[in-house]
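2 protein chains.
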Amino acid sequence: MENTIRIGIYGYGNLGRGVELGVRQNPDLKLTAVFTRRDPLAVKTLTGVPVYAAADAEQFIGKIDVMILCGGSASDLPEMTPKMAKLFNVIDSFDTHARIPEHFARVDQAAFSACHTALISAGWDPGLFSLARLYMNSVLEEGKDYTFWGRGVSQGHSDAIRRIQGVKDARQYTVPVAAALESVRRGENPELTTRQKHTRECWVVAEEGADKARIEKEIKEMPNYFADYDTTVNFITEEEMKRDHAELPHGGQVIRCGSTGAENGHRHVMEFSLKLDSNPEFTASVLLACARAVARMNSRGIYGCKTMFDIPPADLSPLSPEELRKKLL
Amino acid sequence: MENTIRIGIYGYGNLGRGVELGVRQNPDLKLTAVFTRRDPLAVKTLTGVPVYAAADAEQFIGKIDVMILCGGSASDLPEMTPKMAKLFNVIDSFDTHARIPEHFARVDQAAFSACHTALISAGWDPGLFSLARLYMNSVLEEGKDYTFWGRGVSQGHSDAIRRIQGVKDARQYTVPVAAALESVRRGENPELTTRQKHTRECWVVAEEGADKARIEKEIKEMPNYFADYDTTVNFITEEEMKRDHAELPHGGQVIRCGSTGAENGHRHVMEFSLKLDSNPEFTASVLLACARAVARMNSRGIYGCKTMFDIPPADLSPLSPEELRKKLL
Numbered sequence: 003m004e005n006t007i008r009i010g011i012y013g014y015g016n017l018g019r020g021v022e023l024g025v026r027q028n029p030d031l032k033l034t035a036v037f038t039r040r041d042p043l044a045v046k047t048l049t050g051v052p053v054y055a056a057a058d059a060e061q062f063i064g065k066i067d068v069m070i071l072c073g074g075s076a077s078d079l080p081e082m083t084p085k086m087a088k089l090f091n092v093i094d095s096f097d098t099h100a101r102i103p104e105h106f107a108r109v110d111q112a113a114f115s116a117c118h119t120a121l122i123s124a125g126w127d128p129g130l131f132s133l134a135r136l137y138m139n140s141v142l143e144e145g146k147d148y149t150f151w152g153r154g155v156s157q158g159h160s161d162a163i164r165r166i167q168g169v170k171d172a173r174q175y176t177v178p179v180a181a182a183l184e185s186v187r188r189g190e191n192p193e194l195t196t197r198q199k200h201t202r203e204c205w206v207v208a209e210e211g212a213d214k215a216r217i218e219k220e221i222k223e224m225p226n227y228f229a230d231y232d233t234t235v236n237f238i239t240e241e242e243m244k245r246d247h248a249e250l251p252h253g254g255q256v257i258r259c260g261s262t263g264a265e266n267g268h269r270h271v272m273e274f275s276l277k278l279d280s281n282p283e284f285t286a287s288v289l290l291a292c293a294r295a296v297a298r299m300n301s302r303g304i305y306g307c308k309t310m311f312d313i314p315p316a317d318l319s320p321l322s323p324e325e326l327r328k329k330l331l
Numbered sequence: 003m004e005n006t007i008r009i010g011i012y013g014y015g016n017l018g019r020g021v022e023l024g025v026r027q028n029p030d031l032k033l034t035a036v037f038t039r040r041d042p043l044a045v046k047t048l049t050g051v052p053v054y055a056a057a058d059a060e061q062f063i064g065k066i067d068v069m070i071l072c073g074g075s076a077s078d079l080p081e082m083t084p085k086m087a088k089l090f091n092v093i094d095s096f097d098t099h100a101r102i103p104e105h106f107a108r109v110d111q112a113a114f115s116a117c118h119t120a121l122i123s124a125g126w127d128p129g130l131f132s133l134a135r136l137y138m139n140s141v142l143e144e145g146k147d148y149t150f151w152g153r154g155v156s157q158g159h160s161d162a163i164r165r166i167q168g169v170k171d172a173r174q175y176t177v178p179v180a181a182a183l184e185s186v187r188r189g190e191n192p193e194l195t196t197r198q199k200h201t202r203e204c205w206v207v208a209e210e211g212a213d214k215a216r217i218e219k220e221i222k223e224m225p226n227y228f229a230d231y232d233t234t235v236n237f238i239t240e241e242e243m244k245r246d247h248a249e250l251p252h253g254g255q256v257i258r259c260g261s262t263g264a265e266n267g268h269r270h271v272m273e274f275s276l277k278l279d280s281n282p283e284f285t286a287s288v289l290l291a292c293a294r295a296v297a298r299m300n301s302r303g304i305y306g307c308k309t310m311f312d313i314p315p316a317d318l319s320p321l322s323p324e325e326l327r328k329k330l331l
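Taken in sequence, the protein lines are chains A and B. The working numbering numbers the first residue of the first sequence as 3 and each following residue consecutively. The working numbering numbers the first residue of the second sequence as 3 and each following residue consecutively.
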C-alpha cells in the first residue's frame, strides 16, 4: 500500500477550487492546505480546508508532497514555479508556448538542485492534447495534424472584450467550423486558414447608453483576437448573462490523418476529443492524476523538470500495474 | 545522434508485411531480416529484405536490436515470445485478455534473466485503446467507459464463417450501433447489452449448390460469435468478394463520460477514435514506434516484460525531448 499523497493548492481561483473539489474523488490524495496571496482570513474554501498566506508556504516543507500551482501563465508562473520548485515537488499548467523552453530551463535547475520533481504545462492543452499529438505523430510518421478548440469559453478573449470602453461584461465562445472539422475527419487533409477553422461568438452586456455599434466594430476589428475570424456579437442583459453564460465549458479535437502501405494508399484517421462542462474542473482533474505521478517519480529519484511526455502512463493511475493489465489493457 | 535501430520480423503474414513497409517511413529504423517458419526460399518479401529460417534467428544475436514477433495469439505467441525474449529485445501484439497475466509472467522471467526488454500486447486494442482507457480513468475517477469496434473486418469471425460446410469464402464486418454511440457521446451513460452495441455484417461466397438458408441459419445461431448479435448475411460471388472486400479496414472508439464538481454536476466526455484503411499496417506502425521505445529502455537498463502503460510517451518519438516540447507540447 502506498501512503496517501499530501496535496497543497497555491493560488485559489477557478482552477484552485477545481483541485479542491477533485481531491475528494481520489482516495489516495489528501488536501493539506490552500495558500493565497490575498488575506487568508478573507478566503473561505468550498470544503473547509484551511487557508494560509502564500508567504507561509515554506513552513509546510515536509507536510506537503506535491504543491499544485494555480497561478496564471502571463505573470504568475514564470516566477512562482522556479521559486516553489526549490521548496516542493510542483505542478503547473504553464501555457505560453513560446516561453516553454525558457520556463523549462529555469524550473529544471531549481527542482534538480533541491531533489524535487517539477511538472510543467500539465492540463489538456498543453497536456492531454499534446500527448495525443505525440502518440499520433509517433505512430503515423507521414501525415498532418489538426487541433480544433471549442465550443468553449475563451477567458483571454472574454477579458479582451471587457477592456473595451462601454462594456460591462462579456463572454466569448470559440467555435470550430463544422465543415472544416468534417473534412478533416474524412481524411481529406485540407489546407485551412485561421478563418476557416474557428468562428468567434461574443455575448456582451453594454453599459447604459453605450454606443453598441462602436463596441461591435471595436471587437470585430481587434487585431490577433478577432480580426482574423468571422465574429458575431450579441448584446444581452446582465440577467441573461448570469442565466445563460455562468459556466465555463470547453473542449476540442486533435486529429491526425496519415497514410501507410506500398504506395501510401492506406489512410488512417486518429482523433482525440474532449467535451467539457467545466474547463477548470477538468484541468484540475488532470493535475491531480499528474500529482500522483510526480510523487511516485520523486520517490524513485527522478528529479528536475518534466512534462506529461515523460510520465509513464501507469504512474497516473491509482491502480497497481497488475490491476491495470487486468482491467484496462 | 542515436544509432539506427535494427529491426527483425519474426513471422511473415499481413502484420509482418505491414512492419516491413512501415520501417521505410522511419529513418531511424532499419530492417535487417525476416524470419519465417516456412521454407525461406519460397518467401519473397515486398521490399527485397532477406528471408531466413525461423530456426536460424539465434545467429542474429548482436545484429538485431528489436525482434518484432508477428505470430498469432492463440498458439504462436505463448511459446514464441518467452523463447525469443531470451535471445532479443522483443515486441508482440498478444491479445488474449484472459491469458495476459500468465503470458506477462513467463515473458518477464525470460527477458529479465537475459537483460532484455520485452513489450507485450502492443498495437491498438490492446495498445492505444488501452492507453486511452488508462488516461481517461486516471483523469476522471468517477465515470463509465465504453469501447466500440468497427466498422471493420474481424478476422476471427470471418474464419468462423469459413469453417461452415458449403462456405467458400467469407468476410465479417463488426459495426457499432449508431444510436448507442450517439447516446454515449451525449454523455447519457446508457446501460447497453452486447446486442445494443454492435451488429455483425457477413459477406459470404457459397459453394455451388450449397444450401444458403442452412448456411445463414448456422451463422446466425453460432454461439459466442453471432448468437448474441443482430446479424445480416449477404451472399455474393467470388468476383464481388475480390472487388469489394479485399481490404482489412478497422477502427473504433474508446469513450469515457465522467463528472466533477460540488454536486458532480459537471459532465465531461473524452473520446479516442480510429478509422483505419488497413488494420495490419496501422498495427505495424504502432509496433515500430514501440520498437524505438524498447531499444531506448533497454539501453537504460530497464529489463523484463513491459506494456505500453510503462512507456514514457517521449520514448516513442524520433524527436528529441527539446523538439517535442517545442513542436508538440
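Be a bit skeptical, because a hint or two may be false.
Note: identical chains are not told apart, hence a pair may lie in one copy or across any two.
[Stated by the list, open to error] Distance condition first, Cα-Cα at most 25 Å in a straight line; then the derived SDA-like pairs of lysine to any residue:
1) Lys85 with Phe237
2) Lys65 with Phe228
3) Lys244 with Ala180
4) Lys244 with Asp78
5) Lys244 with Pro225
6) Lys88 with Arg164
7) Lys46 with Ala180
8) Lys219 with Leu43
9) Lys199 with Arg188
10) Lys46 with Asp213
11) Lys328 with Gly267
12) Lys328 with Glu265
13) Lys214 with Asp161
14) Lys88 with Leu321
15) Lys46 with Glu193
If you are wondering where the hints come from, they were derived from the structure by calculation, not from laboratory data. Remember, it's a predicted structure, so these values are computed and weren't measured experimentally.
Status of the hints after comparison with the structure:
no.: 1; hint: Lys85 with Phe237; result: neither (44 Å within a copy, 71 Å between copies)
no.: 2; hint: Lys65 with Phe228; result: neither (46 Å within a copy, 58 Å between copies)
no.: 3; hint: Lys244 with Ala180; result: neither (28 Å within a copy, 36 Å between copies)
no.: 4; hint: Lys244 with Asp78; result: neither (29 Å within a copy, 63 Å between copies)
no.: 5; hint: Lys244 with Pro225; result: neither (28 Å within a copy, 57 Å between copies)
no.: 6; hint: Lys88 with Arg164; result: neither (37 Å within a copy, 66 Å between copies)
no.: 7; hint: Lys46 with Ala180; result: neither (42 Å within a copy, 47 Å between copies)
no.: 8; hint: Lys219 with Leu43; result: neither (44 Å within a copy, 75 Å between copies)
no.: 9; hint: Lys199 with Arg188; result: both (15 Å within a copy, 23 Å between copies)
no.: 10; hint: Lys46 with Asp213; result: neither (39 Å within a copy, 77 Å between copies)
no.: 11; hint: Lys328 with Gly267; result: neither (36 Å within a copy, 31 Å between copies)
no.: 12; hint: Lys328 with Glu265; result: neither (39 Å within a copy, 31 Å between copies)
no.: 13; hint: Lys214 with Asp161; result: within (18 Å within a copy, 69 Å between copies)
no.: 14; hint: Lys88 with Leu321; result: neither (30 Å within a copy, 30 Å between copies)
no.: 15; hint: Lys46 with Glu193; result: neither (50 Å within a copy, 40 Å between copies)
Hints 1, 2, 3, 4, 5, 6, 7, 8, 10, 11, 12, 14, 15 from the earlier list are contradicted by this structure; the remaining hints agree with it.
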